[in-house]
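Student: Mind docking chains Z, R, S and D on chain L? Use the hints.
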Amino acid sequence: MFRLFKRSSSKAGLSPGSLTYVGDKHEEKLEVELIRYSTEEYTEESIENIDDVFPIENTPSIKWINVVGLHDPSTIEAIGKNLDIHSLVLEDILNPLQRPKVEDLDGCLFLIIKSIHSEESTGEYNIDQVSLLIGVNFVISFQEKNRGLFDDLKRRIKNGKERIRNRGADYLAYSIMDIIVDNYFTELEKLGNQIEEVEDTIIKSPGTESLDSIYKFKRELILIRKSIFPVRNVIHRIDRVGGDLFQESTDIYLSDLSDHILQIIDIIDTFRDIVASMMDIYLSSVSNRMNEVMKTLTIFASIFIPLTFIAGIYGMNFDYMPELKWHWGYFGFWGVVLTLLVSMLIYFKKKKWF
Amino acid sequence: MFRLFKRSSSKAGLSPGSLTYVGDKHEEKLEVELIRYSTEEYTEESIENIDDVFPIENTPSIKWINVVGLHDPSTIEAIGKNLDIHSLVLEDILNPLQRPKVEDLDGCLFLIIKSIHSEESTGEYNIDQVSLLIGVNFVISFQEKNRGLFDDLKRRIKNGKERIRNRGADYLAYSIMDIIVDNYFTELEKLGNQIEEVEDTIIKSPGTESLDSIYKFKRELILIRKSIFPVRNVIHRIDRVGGDLFQESTDIYLSDLSDHILQIIDIIDTFRDIVASMMDIYLSSVSNRMNEVMKTLTIFASIFIPLTFIAGIYGMNFDYMPELKWHWGYFGFWGVVLTLLVSMLIYFKKKKWF
Amino acid sequence: MFRLFKRSSSKAGLSPGSLTYVGDKHEEKLEVELIRYSTEEYTEESIENIDDVFPIENTPSIKWINVVGLHDPSTIEAIGKNLDIHSLVLEDILNPLQRPKVEDLDGCLFLIIKSIHSEESTGEYNIDQVSLLIGVNFVISFQEKNRGLFDDLKRRIKNGKERIRNRGADYLAYSIMDIIVDNYFTELEKLGNQIEEVEDTIIKSPGTESLDSIYKFKRELILIRKSIFPVRNVIHRIDRVGGDLFQESTDIYLSDLSDHILQIIDIIDTFRDIVASMMDIYLSSVSNRMNEVMKTLTIFASIFIPLTFIAGIYGMNFDYMPELKWHWGYFGFWGVVLTLLVSMLIYFKKKKWF
Amino acid sequence: MFRLFKRSSSKAGLSPGSLTYVGDKHEEKLEVELIRYSTEEYTEESIENIDDVFPIENTPSIKWINVVGLHDPSTIEAIGKNLDIHSLVLEDILNPLQRPKVEDLDGCLFLIIKSIHSEESTGEYNIDQVSLLIGVNFVISFQEKNRGLFDDLKRRIKNGKERIRNRGADYLAYSIMDIIVDNYFTELEKLGNQIEEVEDTIIKSPGTESLDSIYKFKRELILIRKSIFPVRNVIHRIDRVGGDLFQESTDIYLSDLSDHILQIIDIIDTFRDIVASMMDIYLSSVSNRMNEVMKTLTIFASIFIPLTFIAGIYGMNFDYMPELKWHWGYFGFWGVVLTLLVSMLIYFKKKKWF
Amino acid sequence: MFRLFKRSSSKAGLSPGSLTYVGDKHEEKLEVELIRYSTEEYTEESIENIDDVFPIENTPSIKWINVVGLHDPSTIEAIGKNLDIHSLVLEDILNPLQRPKVEDLDGCLFLIIKSIHSEESTGEYNIDQVSLLIGVNFVISFQEKNRGLFDDLKRRIKNGKERIRNRGADYLAYSIMDIIVDNYFTELEKLGNQIEEVEDTIIKSPGTESLDSIYKFKRELILIRKSIFPVRNVIHRIDRVGGDLFQESTDIYLSDLSDHILQIIDIIDTFRDIVASMMDIYLSSVSNRMNEVMKTLTIFASIFIPLTFIAGIYGMNFDYMPELKWHWGYFGFWGVVLTLLVSMLIYFKKKKWF
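Protein chains in written order, with numbering that gives the first Met the number 0: chain L, 0 to 353; chain Z, 0 to 353; chain R, 0 to 353; chain S, 0 to 353; chain D, 0 to 353.
Here chain L stands alone, though its shape is the one from the complex:
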């Protein structure tokens, strides 16, 4: 399950703009990868010293710098210094609590978006923050962890047959967002399958596992929705905010992306409605089953408690109890018992209790 709140309070009291990584601490080394491509060429290298990359605008080829790991603020600071970016923006990159947003930074565009990833082993969902700095001929992406999200995209660029090799940095930025949004579909499909599985068992045999699942779904959908909902607005605003950087030919792609986000939000809302209905059904099923239990008890008790009373009567030791002397007394007793038994059964049958 997600943690509700990732920000460590160590941040409070610091001056605004001080760079401290506020996410979980990881042991992994911070990795910086530089992918450089144009229509003709493609190179991919691992960068040790981030300053080597700058100045970044000196060659016409498109450069994609993929920074994985945020626990070492010095790299981000170096990038900030080279591109002359305000420390508050750098602080946002380091703070995984940021809402998705887009900002114009005079010469480049700053974008925060969330990616979703479900752990194969535990089924738990993670929400990662992906920050993008988009310039005329470069995109710098920041992620906390490498979850292989960009592998397909890298392959497509390397491959060289795709449209992307002939397009600018704006199309690269779009492609990164597209792959993140496509991944929403994949993750939501998994979630949808889980929901449908639980749906099937919920009426038949509602148990505490179903309850746990419903709660897990609710919680995940609350958090996923919170992460994805503002993305809609971000994509709508890219065009307005990043007018110069985004070419007109990329507009149709952005509007396609915008459609996808609307679909995603539709799906999430549908899931939420359905999970809410499941909760209602669960509660009703539990009530129904309680009803069954109570009926069983009531039938047994209502039949046998009076009969036991009758047996108790003839177990009394009064000196004078005429029935006890009758030869057919015992059989008479059985007659009464069976008559009562049968009439009670008919009564409960009529009430449709079994």
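The hints are simulated quantities; they were obtained by calculation from the structure and are not laboratory data. One thing to keep in mind: the hints can contain errors.
You can't tell identical chains apart in this list, so a pair holds if it fits in one copy or across any two.
[As the list claims (entries may be wrong)] Calculated pairs, BS3-like style, for lysine-lysine (alpha carbon to alpha carbon, straight line, at most 30 Å):
1. 324 to 225
2. 189 to 153
3. 215 to 350
4. 324 to 62
Tutor: Leaving out everything else, chains Z, R, S and D in the frame of chain L:
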């Protein structure tokens, strides 16, 4: 029941604009039908090679190309090439997850709308996607399955007495949308009848079947609403987006359509409110019935457990128990028992427990 | 109770604009009444042939044509032909499912509004559609049934002392709407009284009748709200849409009407909130009563089951049971029983179970 | 408790603008009070004949005419005639169902606002309507009942040291509204205290009284909110509508008033949320207590029913029952009973049932 | 827990603008602290006579006057007189019920914001009001209590290495707001941790403590949200309202602050959704546990009540009961008992009741 999520994840990782059919795979052959009509003439033919139809604007007669089946992207691709349509649009045609929308494609209008169809045999609802490409003198419609939705419309065109033979492609497009929206009424009426049936039994004898029905209604209404709600906006925007293609004389028809969609949404919302109330009533009824069960149990147990205790007393074997010797002891016992019984019954009667 | 859905599906598949009455079939004859008045004169006649009324604009007196019954489309068609009205509008008059709306028809104004009427005998609510065609010197009103709604208005016109005799057709139209809206108050007051009656019994003795009533209220309020809510917008728009037909001096009346509709919607929403609270209270009361039942059972069972066990012990037939021989054994038994009984009662009293 | 609906249906069917008082009938005499003040002088008199007051604009001093009691339409009619006010406005003054609103009447401003008053003795809330007619140098206020609401204000004016003596009629109108809004705070504070009292008992010992209180709170908050919410809009619009009458120096007071209304609405919404939470808690507490009851029953029954069975066995009269002959049989029986008893108690203890 | 309503009703009836402190009465002395700094110098002194500080604009250094304690209106009045501030504004400073807001006071800016503080010892939340008066070279802050909120900020200013020493009063005002907003994160993190703790226990062992916690969370979130939500608007409006006072270089800081407030509101809403889900889960868990209890009871009762009846039969004293004479009668009895016992256990096992 609908599947929550139709998109196969095989799509993820592909470059944007790659044409892959992401719906369910069907065995049926893809059918293309060409209906050509003007005030005087009407022809109807089945097309084997889609390229034969183009160039489409060379004759003044109205052409309606009805493509049924989406599993073969090559036909869609051919149409796209002939009309010079962006691959992202073609991708939308193939993706049954699309939200209803309208787009201006420079020279023709692209429209996605959803049709609803309930399976006669199982009572399950299907939501199909109908995409329309509307040009000056043609309409191309794309559907996944042929459910006979357009049969009435074809008959009316063939018939020749109707207004439609004298009007342009815009009126044809309107007529297609109108027939889809009219079908919403038909399907919602069926649903309304089902709801009223369940409504009748829900207070009288609430059972798990009612619960299943309510859940089915809720789920269907969630999904139908999601499909129809954006249609309202689509129709509002047709006029603005498709200004040139839609003649002014068709405006009154579109505004009539818009009214119908508002009615449909009203009806769906009313159904949702009513189904939500039904759920409340169901829960209350279950509680009420549990109450009945508990009262039965309590009456039986509260009366007979004390009586059994009394019988138990005189079944004890103490050497000295004066009552046992009394000649009228046994009848005295009966007196006590009957007194208790009657007073208990009066007590419960007073409490209105039966 | 209302039927959820009045439209017969026979309509689907017809060409748009075909006139078919889609409401319930009635046996009654369609009645057309013509009221003609000016400051000086007043006449009232029953019209057999609708064409006699036209051309309608030839005299300066105000004409009110009241059509009751919609099952015969030919009359409506004749009116449409005489006034040159689009068939889609005529279709709206015949379709009782229409949302309230106002439309400018080039020279006259078309208005749909809903009237509410509760059946005296059954307490069931009916929602009728009233359509108005408003011209320079005439108003044509269409209703499905004559429920005496307009009787007061006719009397006031006939009476001649009222302001209405000196005003134009716009004031007549306003008066018709005013009488319909005034009737909302009357009907809602009846409903309010019913709600307050149920409110009183709901805490004291919640039963299934209360549940039925709450459900009935909910359902009625859902449907009434749906019918009245759009009227607000209609009245707001009359001024804008019907600029020429409505004189400035009538504006203050329309804005008064608009206030009344807002009050009506306020009242409906208040009723809905209150009925929703009543449902909560009902559910709690049912739980409370179940609690009472359970407590009764628990007290009886917890006291007498252990006592029965003790009596059972001394009913055993072991050869050697010393207590049985004691002279005061039986009284000792009673001592134990009474001690237990009293301490249990004190225990339950302390727990405030009775 | 409020009555849901105050309008008597006797109104329906009357011509719009006919003056009939539609509130409850009161026996008290209608009182008209005239307060006349300027910086130097202050007079206060009771008016018998309303016509004596007019023409009202002949002296520079500020005049406040306070009309208490609405059951005699003739006074209102006289005022209307003197000030040349439309009969629909007069009708609004007489109709206590009006929503708060502000209207420009050519030369004076018409304002409807609601005051809240809780009956000391019964704790019931009353919502009264206060109508104001504001002119250049006068304010006429209309109330149904005198609840002492204006006493403080009159004292402040008489006192003469306050700012009000130097300001115009707009400030007087503001002061009247301010005193009404201040009274909202007082009344809501009382309600808040009541809510906190019930809150304290609701978890500890939820009973039907708590349920009654919650329902009472809900109902009152629904009705109070309905009365106060539109006031926000009224005050916002005063400036726009009453531009000429309200001096610029009064604007800051109006905006302060507007702040107060926002606070009031905040408080009401907070109360509603809290009362809704209380309902949830109540329901849960009832469930919890039922659980306690059931556990008690189950523990007693599960322990003693099996033991009674065992005692029943050795109460049987079979000729051959070896245990009965054993010398230690009876004590063996007790051994078994105690063993069972203790293990059951341990079992239930482990399950944390007590 | 917060008190719902802090305003003492003693305020009602006073003339608008009369200065009375309406919060809780405190014994502590009112403290006024003056911090004066520029790039070079820093002084900090305690002010006894507030008039000494004025005229405040005579030196270029930035002055921060921090007033702690609001129970002595004379200090606030003195400040108001010196800065020529309307008495209604001063009244707002003294009234802790104010909504967050920003106002332009001709030459200085007036800001109300709320700070949140959880009592270490009791875990109770307090909402304090912080009012700011912002001028060209000064900021005056008003708080009811000193909770050490500004200590970090003072240290940073004193420290002298921070950006703040080179910036104007607008940056100081921003820093004060930033420290308050940062504190929201800290407090919400604490709340988040508490929520997650309760979340863990709620499914496993739901008890009344969990219920108390959920209610406490709900109530706190309602009140915190109410306090923080309007802050969003306040910060948005600062730029528009305080155009002259706020330099352009501070804009980026304000927009960062605005982002943080959006995050805070997101977090609060997420918490509310999650707490609402927890309530649902709690209710279901209680139902589930009741089910368990009922099953235990039903199993015991359904097995042993019939067996006791059988034992009762052979405890009867009829003269002629053939079974009693059979040599194997007793063992036959045991056979029947065990058979019944085992088949009942199998039956309940099959029903998955244990």
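Student: Hint by hint, note whether the structure agrees.
Tutor: Results for each hint:
1. 324 to 225: Neither: 83 Å inside a chain and 78 Å across chains, both beyond 30 Å.
2. 189 to 153: within (24 Å within a copy, 42 Å between copies)
3. 215 to 350: between (39 Å within a copy, 26 Å between copies)
4. 324 to 62: Classified as neither; 110 Å inside a copy, 101 Å across copies.
The earlier numbered hints that this structure contradicts are 1, 4.
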